[in-house]
Amino acid sequence: MLALAGFGAVVWAFAAAGVLPVMLGELGLGTVGFGTFLGALGGAGSLLAVEQQRAAASLLVNPEAVGSARLAVAVGAAAWVAGWLALSRGLTPRAAVARADSAAKGKPLFPRLANSRDFHWGTLAAYGFGLFAAEVAFVLVYLLLVGKASTGGAVTGGLAPVTAFVLAFGGSVGVAFGAGFLGAANSRRLSVPEFTTALLYFGLPVPAFLTAMHHVGWLMLNVGYKLREVVYLSSLLGESRPELGYWLVFAGLVLATFLGINLGFVATASGRFDLRTSYESFIASRHVAVFRPRLVIGVFLVLILGIVPPLILLAIVSAADAAVSRTRIKRLGLADPLLAAEALNEQRLAAQTPTAMMTALSVGGVGVGVMALVIVLSVMSGFEADLQKKILGTNSHGVVMKYTPEMPEYAEVVEKIHRVRGITGATPFILNEVMVSSEGNISGSMIKGVDPKTVGSVTDLPASLGCEAGRPCQPMEALEDPTKIRARRLEPGVGEGAIDDTPAKPPSPLIRDPMVELPAEAPDDSVLPGIVVGKELAASLRVVVGDRINVVSPLGGELGPNGPVPKSRPFRVAGVFYSGMYEYDSKFVYIHLREAQTFFGIKGASGVEVKVDDVDDARGIMKRIYDALDGYPYRTKDWGEMNRNLFAALRLEKLVMAIILTIIVIVAAGLIVATVIMLVLEKRKEIAVLKALGVPDGGIVKIFLSEGLQIGVVGSSLGLVSGLAWCLFIEKVGIKLDPQVYYIPALPVRIVPLQTVLAVVIAILVTFLASVYPALKASQVEPVEGLKSE
Amino acid sequence: MTAPFLEVVDVYKSYFLNGKRIDVLRGVNVRIEQGELVSLIGASGSGKSTFLHVAGTLDAPAAGVMRFKGQSVFDLNDAQVAEFRNTKIGFVFQSHFLLPEFTAAENVAMPALINRRERRATMTRARELLERVGLLHRAEHKPGELSGGESQRVALARALIMQPALLLADEPTGNLDPSTGEGIHALLREVNRELGITAVVVTHNEVLARSLPRRLRLVGGQVVDADAAPPADAAPVGAPG
Ligand SMILES: Nc1ncnc2c1ncn2[C@@H]1O[C@H](COP(=O)(O)OP(=O)(O)OP(=O)(O)O)[C@@H](O)[C@H]1O
Ligand SMILES: [Mg+2]
Chain A
1 MLALAGFGAV VWAFAAAGVL PVMLGELGLG TVGFGTFLGA LGGAGSLLAV EQQRAAASLL
61 VNPEAVGSAR LAVAVGAAAW VAGWLALSRG LTPRAAVARA DSAAKGKPLF PRLANSRDFH
121 WGTLAAYGFG LFAAEVAFVL VYLLLVGKAS TGGAVTGGLA PVTAFVLAFG GSVGVAFGAG
181 FLGAANSRRL SVPEFTTALL YFGLPVPAFL TAMHHVGWLM LNVGYKLREV VYLSSLLGES
241 RPELGYWLVF AGLVLATFLG INLGFVATAS GRFDLRTSYE SFIASRHVAV FRPRLVIGVF
301 LVLILGIVPP LILLAIVSAA DAAVSRTRIK RLGLADPLLA AEALNEQRLA AQTPTAMMTA
361 LSVGGVGVGV MALVIVLSVM SGFEADLQKK ILGTNSHGVV MKYTPEMPEY AEVVEKIHRV
421 RGITGATPFI LNEVMVSSEG NISGSMIKGV DPKTVGSVTD LPASLGCEAG RPCQPMEALE
481 DPTKIRARRL EPGVGEGAID DTPAKPPSPL IRDPMVELPA EAPDDSVLPG IVVGKELAAS
541 LRVVVGDRIN VVSPLGGELG PNGPVPKSRP FRVAGVFYSG MYEYDSKFVY IHLREAQTFF
601 GIKGASGVEV KVDDVDDARG IMKRIYDALD GYPYRTKDWG EMNRNLFAAL RLEKLVMAII
661 LTIIVIVAAG LIVATVIMLV LEKRKEIAVL KALGVPDGGI VKIFLSEGLQ IGVVGSSLGL
721 VSGLAWCLFI EKVGIKLDPQ VYYIPALPVR IVPLQTVLAV VIAILVTFLA SVYPALKASQ
781 VEPVEGLKSE
Chain B
1001 MTAPFLEVVD VYKSYFLNGK RIDVLRGVNV RIEQGELVSL IGASGSGKST FLHVAGTLDA
1061 PAAGVMRFKG QSVFDLNDAQ VAEFRNTKIG FVFQSHFLLP EFTAAENVAM PALINRRERR
1121 ATMTRARELL ERVGLLHRAE HKPGELSGGE SQRVALARAL IMQPALLLAD EPTGNLDPST
1181 GEGIHALLRE VNRELGITAV VVTHNEVLAR SLPRRLRLVG GQVVDADAAP PADAAPVGAP
1241 G
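Protein chains in written order, with the numbering used here: chain A, 1 to 790; chain B, 1001 to 1241.
Okay, chain B solo, but in the shape it has when bound (with noise of 0.2 Å):
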């Protein structure tokens, strides 16, 4: 296996906001290996969750390639990207988005559903997951019925699913408490060591990023080394590169 596991090349993102152009990404370059563990930290506006999307095929770039396994991921028609989504890649949102018509069983599920693995198998699975993240007991529960944190851990449940190649999670830890995101910090590494899932995490928790392997900074539109670069210096978004 010569090809990198996760190479992004060149990748450029701009929001346009009444007639203004944003260069949110302005050539990002990252290679990640197989099995690492990496934390994505930077400025809030900085563009991190801008580049887990582009990343998680959820967004669309104005230019760049990305390679997965060598291949090109944004060469991908619909159909393609959407088994990429299924199959490649596990989502964790900065807000866990559950679907509110489902059980956390349910929900941690859906992956394997809309794969149509066989239903009573998955719904097994998705509890055996859902006792791993410590929530057997809110099986039943709907969202609305979830604490926070308990529905973050209920949404790393449904990423883990399908056995991701990629795990990609915005700020997991974003809204807990301390021990409760070291607690899913944990899991992370566990997962990662365990199951062999390559991770990006992005967490604005120094003490969270400085206990994962790698760290990246998102900086001036462009990942840098975190150990390299000092964070003082980010320039703003938006301004003239």
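Chain A extracted, bound-state conformation (with noise of 0.2 Å):
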């Protein structure tokens, strides 16, 4: 009761403190708990260094705010420290109030009675100390292991930041685990008293740190450069924000020491190291009794139907049912009424408890949690497959530059890039904005110069003009040769006075006009240079193939008497391609490699563009060739790295989406706390008896625990198989979309394993530490005070 008191002021000094600044304002730090710990870090930061506050004064942007906001910070200090001294003060015994004798005076006392609610400081110690060092640690071994790297962009020495993390991480969550273990182990209880204290002094102020780092000034000149790695690390985890990285971590870590704390308990309670669960599985299933198959057909049922049909299904079956039934014990009751009693005692069996129906719909719950994770995320992963697969397509896998713009060598890079193992094509390009113009219409472009002979080996240029690999390509070879367009003839009225317009047979399978199939007339005049152009580009322009455009280009032409004239070509329509990318459809326009050359003056090319056999290892393979072609002055870069923007929206968004999801699955959680408190009042007699058989506190927690988990792991098993049943039914059988607005025909799914596992175990680790408050209140109840609940 005193420490009650005591722990009633510590958080008055909370509340004191953490309002005060964000009463000043300046601070902006919303949070009670970091604003007491910023107080005391200001306060001893106050005593003991004059001169940093100064500094600290000079940089916030304020200068008379300062003087009340280092009032905050010292009132935040010293109510601080005086929660402490309540604390301590309250964990004094203090005098016993003096009452009359009792017949008892003198004998010993029940010894459990004495110290059975120890508060067990060695366990704070472990809790406390644990999470401590599993944060030190991380922040440490992460900082080794990256060691010296990258301060620029090359990586000099040390590991990946991804393998250092996971390293670091693991290590550090091994730390908080094994700490959790110890410290209830020692206990034998859950401690949660020691648990929230160790968590607000220990394992807060690290974080709580890191994020005041970000918005003291003087902490981050003199703290955070050391810290950079760290700060990058965490931006990386928080896309783009720092501090939300580090209470991911924080939450890891304190998950990690809460799992470890709940198996110490578990395998240590009952006196010794005991992991089994013979018995207990056995009576929590007869508690559940989740594996009915009425219950997991009906579950199952409902997730892939919805709610409704196998409601009506159950009304048209138990209506049957009744009739039938009750018509035959009415018969049987003529002939037999001890017949027709069976028959009804068979029907009462078939009654439902209220808590079996809990037990549904938690199933039901959890089940539709995992069900929709499942299906949202493989839908979204097939998104991002498609947008992918699309990039890939059109884009080449990676690109080798040089810091200059030319690249005249081109051919020797491409023969050494074919040297590096696991490229399978290699081709030059050169890369430009233009205007294209038509009679119809104008528009902006990208205009790529490319090599018509192996192109065909790093993009699906051609297949997206309709040609088949191992087939000549007639949009490809009228590249290569301009004499093959067949320049368009138009229906005489009908054109717009196009003067080089000349009879031609329908040169691309793609677009058949059916004004093309007239007779030739006229030969054709002027040969101009092949273009290929997008579907949509095409269609704003108003051409076909044969059709004559013309690119326009600010750089590379004359002085005029005004500046530069901009540069001006005629190019003829060869092929028209579609990718199923908008973006590449209306924008990309490609020409010869060597018109590319004449029209930009460019020697040589601008960059190689690669393919890969791996496209996973795109990153590793451009490094190699970064490595083969002795680095400086070429660069390289990989397609994730040209697309970063678009793969860290679709990511971000498929984080958000999991987030929301993992919300439901808490939902459904809630569900199977009120089942298990329910059961365990329910059940608050047969525990007494078990505990009177000689099940001990630890087997209890384990009964409930394992009620929760059977509960969890039927729910998610029918949310998986649902889930996936949905997705095949997706993939096989297709949704369709409107082609006009998506561009992309059906709903794309992608089942990626690792994430699906991951969304199951995520789902019964929920339902798991669920179960965790009720099985303990099932834990505390006393035999006799069981037994005697009637």
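Keep in mind the hints are simulated off the structure, nothing from the lab.
Take these hints with a grain of salt, some might be off.
[To be verified] Distance condition first, Cα-Cα at most 27 Å in a straight line; then the derived DSS-like pairs of lysine-lysine: (1) A:Lys623 to A:Lys685; (2) A:Lys654 to A:Lys637; (3) B:Lys1069 to A:Lys685; (4) A:Lys603 to A:Lys654; (5) A:Lys732 to A:Lys788; (6) A:Lys603 to A:Lys416; (7) B:Lys1088 to A:Lys788; (8) A:Lys416 to A:Lys623; (9) B:Lys1088 to A:Lys685; (10) A:Lys788 to B:Lys1142; (11) A:Lys587 to A:Lys685; (12) B:Lys1088 to B:Lys1069; (13) A:Lys390 to A:Lys453; (14) A:Lys654 to A:Lys732; (15) A:Lys788 to B:Lys1020.
[To be verified] Under 10 Å between C-beta atoms, here's a sample of chain B residues computed to sit facing chain A: (16) Gln1094; (17) Phe1097; (18) Asp1177.
[Stated by the list, open to error] Cβ-to-Cβ under 10 Å is the rule here; a few derived chain B residues that face chain A: (19) Thr1050; (20) Ser1095; (21) Arg1116.
C-beta: ideal position from N, C-alpha, C; glycine also.
Mind assembling these two chains? They're in different frames, but the hints should get you there.
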């Protein structure tokens, strides 16, 4: 009680210190907890180093506010210290109130009464130092592993950030888990007060400090640069918000500690290390009875078909069943009353209890959550895969460029690239921005000079022109040899006065204009270089194969009287491609490399595009190319880097979706908490009996944890199966999308095993954690108290 | 073996109701030797069940010492107490308290399952015990489908499956007709004689009590020899002592 008062004082201290900075406003730190810590920090700072405070003052925007800020900081520190004092005061025993002696005076006290609810300082130490050590270890190990690496862009030593993160995080999770396990094993209980204290006083300061670092200038100046690798990592984790990264890691470590505590408790609460669950799961499965076929099939049907059809089905079946069985029982009753009674009894046995219904509901809740997670994540992965396919089809897997705009020695480079392992194609290119105009319209475009002979080995350009692999590609040949393009002849009176229009056969299988089937009249008077345009661009320019378009570039023109004159050149459409990416189909045009060289006055090429055999290792392969070319002045980029924004956006979206859907699972977990609490209340007497028969506290906890776990596992499995069934349905049957709007004919799905497994694991973990509290409550039922509750 | 089988010294237990203290056990001192068959009688509300619960470690006393073969039972920690309940003590409650989700046979087997004995052998043993209490034909019944006397007999079988050293039975015959009650008592005498199980049986039935070798009486919050003290002077519980 006194400890409680002390704790109240601490809470008050938190509030006081937290509220003041917020009121003053210039620190802008919202959470109560780290307001206190900042207060203490600032207080300590003001005591220790007046100069630093001055530096802080000069950095704060509002100089007048500095005094009050320092005051707030000092008050916060004082309150924090006072809270500690109050807590320790509360812990020291006070003289008991004098009372009349009882008859039992002087007799030995019942020992378990004396020490069963002790506050375990050793456990607090284990939790607190474990958490703190895990955090510090994470930072230090990470810094150590990353080493001297990546001050510029080049990795010179140490491990890649991802590897270092995985190792450091794995290690510190292990530390946190181990500390939790040992602490719980020491006290043989969950020790929630110890955990809370450890969390507040040892765990919270580190992330709070790191967050504060971003808000307090002099901290950033003095400490920030030493931790810049950590900041960089956290901004990767938190999608460019490092604070989010710190708290994510912190949450992970807290979770690990908590899991460790749980497992430590479950394993050792029965007095020795014992993880066996033979009778526990036997009892649990009788209590929750989730493996009943009726429940499993019912929930599965609801997941697959939605709520309404199974309800209708149930109504029909039970109505028919009632009609049949009632008639039967009545007839039996007329013949033999005993048989009728037996039939009635069978009916009674099939009836549902409220807890059974709650169980079904929570199984369904978990199932819905997991199903939604699986479906949505798969569809989003489908979109991502579709996007990747289209981007990779139109784009190369990587490019090699120079720091200068020209690469005259591209032939050599291509040759060197081909010698690198994992390369399936390489082709030179020139990329520039131009205007494209036809009689009908004008549009800004990206123009790419390509080598028709090798471009097919890198991109899907020939395929998107409608050519089949291994067969001569007419538009490609036309790029090579412009005489192969037949100029289009317009019906007299229909054309808009194009001079050079000549009769032509349909040169591309893609575009069939009935008008071009007309017989030729005049011979081709001007042979123009070929150009390939995208479908959307062709539509907006209103051109078809054989039409003439002008390419205008602001660069490379002669100097006129009013500055540079834009350079313009006519081309003839040799083909129209359709890649399926609106961006490309409306923006890109392709010409022969040779034409691009003369048009832009570039020697050689501007770079070399590369195709690799393993897209996922594009980064590594590009690195090998970089090494093969001896680095500078060459530089390489892989497709991920080239489209970073797009994929980052997609990943962020997926993360957000995953979080939202995890909330569904958490709501379902709330159902589980309610169900297990109901079970505990309903089974108080049974718990007491079990204890009387010799089940230790740990066994009771295991029973109810395993009840929650069974609900979670059955629900998750049903959710997984129905989610996969839905994905399969979407894949095989398909859900049509309007291609005009989405540029994709049907909803794409892609089942990624790892993320699916992760979804299920998270769901099961959440349900497990959800049943911790009720299980604990169950284990606290005293035998006699339970036996008398009736 | 110099230490007594069960020794209860100065056990106090009070209930607190609306700020009032009801002293139920006021310094109980008992000594029970191995193999004894003891009946405990006393007025209703005199604290017999309370004493049995304390002796069975199901309830915590305020003060006192209980030694089982020289070992102080109250000093055991939670896990050791659970083990003690499981292996050393068989408890038959005033009302049977069988687990409703399990069949009679599974109920009987439960203590052995908790002890992580092998499942198949345990179930066989449970059936043997049910046969012994004359209930093999009810082995697959759930407790809800048994009569009161049958349930009590199942509870007795459950208390015996671990071959406990000490059997504590709280009015096992309370709800039964005299002949069935006598059957249970005969059974108790039998296990006491054949298995050497020490037993303390609470009963209201003076006739049945008289049929047991040793009789104790709970009176005024203390346990006395029933044959020595007259039954009339039982002070009401809670009265100032
Ligand atoms: N939880 C409780 N709170 C307050 N008083 C209680 C509580 N449990 C029992 N008592 C009181 O303690 C006394 C002893 O109860 P106990 O159950 O031990 O009696 P008993 O001897 O077993 O009676 P009976 O023969 O009727 O079973 C009774 O007066 C009862 O009212
Ligand atoms: Mg009683």
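Hint by hint, here is what the structure shows:
1. The hinted pair formed by Lys623 of chain A and Lys685 of chain A fails the criterion: a straight-line CA distance of about 68 Å is larger than 27 Å.
2. Between Lys654 of chain A and Lys637 of chain A the CA atoms are separated by roughly 25 Å; this keeps the pair inside 27 Å, and the hint holds.
3. A threshold of 27 Å between alpha carbons decides the hint, and for Lys1069 of chain B with Lys685 of chain A the separation of about 31 Å lies outside it, so the pair is violated.
4. For a cut-off of 27 Å, the pair hint linking Lys603 of chain A to Lys654 of chain A is broken: about 44 Å separates their Cα positions.
5. At roughly 60 Å between alpha-carbon atoms, Lys732 of chain A and Lys788 of chain A are farther apart than 27 Å, so this suggested pair is violated.
6. This hinted pair checks out: Lys603 of chain A and Lys416 of chain A have alpha carbons roughly 19 Å apart, not beyond 27 Å.
7. Note on Lys1088 of chain B and Lys788 of chain A: the hinted pairing holds, with a Cα-Cα distance of about 23 Å set against a maximum of 27 Å.
8. A distance of roughly 14 Å separates the Cα atoms of Lys416 of chain A and Lys623 of chain A; the hinted pair therefore holds under the 27 Å criterion.
9. Taking the CA atoms of Lys1088 of chain B and Lys685 of chain A, the gap is near 22 Å; set against the 27 Å cutoff, the hint holds.
10. Our distance criterion of 27 Å between C-alpha atoms is met by Lys788 of chain A and Lys1142 of chain B, whose separation comes to about 22 Å.
11. The straight-line distance between the Cα atoms of Lys587 of chain A and Lys685 of chain A is roughly 75 Å, outside the 27 Å bound, and the hint therefore fails.
12. A distance of roughly 11 Å separates the Cα atoms of Lys1088 of chain B and Lys1069 of chain B; the hinted pair therefore holds under the 27 Å criterion.
13. Note on Lys390 of chain A and Lys453 of chain A: the hinted pairing holds, with a Cα-Cα distance of about 22 Å set against a maximum of 27 Å.
14. Between the alpha carbons of Lys654 of chain A and Lys732 of chain A the distance comes to roughly 23 Å, so the proposed pair stays at or under 27 Å and holds.
15. Distance check on the hinted pair: Lys788 of chain A and Lys1020 of chain B sit about 20 Å apart at the alpha-carbon level, within 27 Å; holds.
16. Annotation: Gln1094 of chain B was flagged as interfacial toward chain A, and the flag holds, the nearest CB pair being 9 Å apart, inside 10 Å.
17. With a least beta-carbon distance of about 5 Å to chain A, the hint placing Phe1097 of chain B at the interface is held under the 10 Å criterion.
18. With its C-beta approaching chain A no nearer than about 24 Å, Asp1177 of chain B sits outside the 10 Å limit, and its interface hint is violated.
19. A cut of 10 Å between beta carbons decides the hint on Thr1050 of chain B: the least distance to chain A is about 9 Å, and the hint holds.
20. Checking Ser1095 of chain B against chain A: minimum C-beta separation of about 9 Å stays under 10 Å; hint holds.
21. Taking 10 Å as the C-beta cut-off, the interface hint given for Arg1116 of chain B holds, the closest approach to chain A being about 6 Å.
Checked against the numbered hints above, the structure breaks hints 1, 3, 4, 5, 11, 18 and satisfies the rest.
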